[in-house]
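Number of protein chains: 2
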Amino acid sequence: MQRPGEFEIIRRFFSRQRVMHPETELGIGDDCAILNFAAETRLALTTDTLVAGVHFFPDADPMRLGHKALAVNLSDLAAMGARPRWALLALTLPENDPEWIAAFAQGFFGLAERHGVQLIGGDTTRGPLAITVQALGTAAGRSAVKRSGAQPGDAVYVTGGLGLAGLGLKIRQGAYDASDEEALDRLDVPEPRVGFGLRLPEFASACIDVSDGLAADLGHILEQSAVGAEVDWENLPLSAGVCRYVADSGDWEMPLVAGDDYELCFTAPAMKANAVTLAAEATGTRVSRIGTIRAGSGLSVRRAGRPERLWRSGYLHFVSRETTDESPPR
Amino acid sequence: MQRPGEFEIIRRFFSRQRVMHPETELGIGDDCAILNFAAETRLALTTDTLVAGVHFFPDADPMRLGHKALAVNLSDLAAMGARPRWALLALTLPENDPEWIAAFAQGFFGLAERHGVQLIGGDTTRGPLAITVQALGTAAGRSAVKRSGAQPGDAVYVTGGLGLAGLGLKIRQGAYDASDEEALDRLDVPEPRVGFGLRLPEFASACIDVSDGLAADLGHILEQSAVGAEVDWENLPLSAGVCRYVADSGDWEMPLVAGDDYELCFTAPAMKANAVTLAAEATGTRVSRIGTIRAGSGLSVRRAGRPERLWRSGYLHFVSRETTDESPPR
Chain A
1 MQRPGEFEII RRFFSRQRVM HPETELGIGD DCAILNFAAE TRLALTTDTL
51 VAGVHFFPDA DPMRLGHKAL AVNLSDLAAM GARPRWALLA LTLPENDPEW
101 IAAFAQGFFG LAERHGVQLI GGDTTRGPLA ITVQALGTAA GRSAVKRSGA
151 QPGDAVYVTG GLGLAGLGLK IRQGAYDASD EEALDRLDVP EPRVGFGLRL
201 PEFASACIDV SDGLAADLGH ILEQSAVGAE VDWENLPLSA GVCRYVADSG
251 DWEMPLVAGD DYELCFTAPA MKANAVTLAA EATGTRVSRI GTIRAGSGLS
301 VRRAGRPERL WRSGYLHFVS RETTDESPPR
Chain B
1 MQRPGEFEII RRFFSRQRVM HPETELGIGD DCAILNFAAE TRLALTTDTL
51 VAGVHFFPDA DPMRLGHKAL AVNLSDLAAM GARPRWALLA LTLPENDPEW
101 IAAFAQGFFG LAERHGVQLI GGDTTRGPLA ITVQALGTAA GRSAVKRSGA
151 QPGDAVYVTG GLGLAGLGLK IRQGAYDASD EEALDRLDVP EPRVGFGLRL
201 PEFASACIDV SDGLAADLGH ILEQSAVGAE VDWENLPLSA GVCRYVADSG
251 DWEMPLVAGD DYELCFTAPA MKANAVTLAA EATGTRVSRI GTIRAGSGLS
301 VRRAGRPERL WRSGYLHFVS RETTDESPPR
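Taken in order, these protein sequences are the chains called A and B.
So for the first sequence, UniProt numbering puts the first residue at 1; every next one is plus one.
So for the second sequence, UniProt numbering puts the first residue at 1; every next one is plus one.
Derived by calculation from the structure, the hints in this document are not laboratory data.
Careful, some of the hints might be misleading.
Just some of the chain A residues that point at chain B, by a computed CB distance under 7 Å [unchecked claim]:
(1) 30
(2) 31
(3) 76
(4) 92
(5) 121
(6) 144
Using N, Cα and C, we set each Cβ at its ideal position, and we do this for glycine too.
Given only the sequences and the hints, what does the whole structure look like? Please build it.
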């Protein structure tokens, strides 16, 4: 295949797409995209970067990578109860490999089209492989679902299963020997909880997506809502593979601290429990109640009826010195 | 200084700012930012990435880099005639150096506050130094200034001066020996033509910002407008330093092909010449008429009364094989 130039890359791989929103006055190909909103609009905006060697292996399958780069952003929109609509893509590539780019675009647009996302702009640069996506969604209703609304007495829920991506990472790193496609798929091609996210405003008092691990992400809800929480380890939704890993390794913390699951962790008042169940059924989403919000601060985990201390927090890109000075007594 | 964690970085350096727009329902600190538009709104959106070793030297002054990362995006908004309002910042850092980050934030917010830009979100990751900014502006009037509106007979204009950043790069690379603060400043801390850009809808038929070099960027206007242009080399706005460089080196192409000037190149019908002059005076912007749009295609450069052939095009991150196979006959 002949090597295309920068503008040829944009034209060939990123300009043809099926999703076109009526508000898009101008898409790819000018200095800016233009969105034209005729009436009152609430926009949700987010950006996330994936860096080779940090967030994925440099030899990762480009099609799965294209999916994941968009998925992690749609997950943020889902956590606010927003409907995905547009995206911009900043792609930094070490070389100009048309087959790699074509596969990346296929993975990106595959997910984009399923969720009605139109790519309206971007930037292609040379450099160490990294992908930054900005996603925009529309938020209906009077207020978005923030991290700061949890109240004592609210139930704590999580969608899907926890620890799957963490298990996938251990398998791929060769740190644990198992054959678990579900875990590897969760790591590579997580499914953002878009459909369930759109139902959140009906019942959720707070929500966050689980990208850095449940303990860290629920921790943000607790901090920003100025409350504490009790979580029962036995109520965590764990796949058979994750249960086997915990039994084999004794590493019961993993499902609480491993990142990259892109599930939604949310809180809801007790009187909304039926609405939660209905939304879960309507969207085909497994939802588990894992704990309760309490007055106070911090996360308490009970396991086999006893309070446990978490020694590891979730994945932090830059861990402060205070945190790293303290090590688990093993 | 104690090394801050990721969330501490966000809190300490990027959460305090003076610009707050009434539409900003939710800024930094949740899964998404929320903008709430009560009435009809036209939004302009753009994203640009700067990569260490490609767009800037790895040891670049972080304050100047913070300025430039935002400036190159505001330049895209200016080229559409949009008013800058919001930005998101995706920052990938090899290490966690609070002094570097503080200086970067100072440069970023210095420019942001001058142009009324509120930072509403972002992402901090570890990896090879790179910065992706997404900027959002509001576009008044009935239509944005696109690349596709140039008509035969329109005059071709450019703001400020050309080749300054190119000269700055040659000085910094040690390829040319001169002391030229103006050129180094243009390379490091370009000033986006925001004020003049807001006047563009009054007269411009097409506009682009000069980031990849005048020949390449005017080339996009020509291609998307399906027209050609004649440019007179003698009419290019060149500083004394750039003139000296051209005289010393014989490299007359440099001001046409060097990138990073972040001036605006625009076209306007002859009957709008007065409006151009008025806008230039009102905003204190030097504006030069450098040529004329013609029917046909491609860019013709006349120098000393003779047509010249350009052997180099502007900076392309990925140059196609056809282009690189052809070398200048020197």
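Any hints this thing doesn't respect? Which numbers, in order? none
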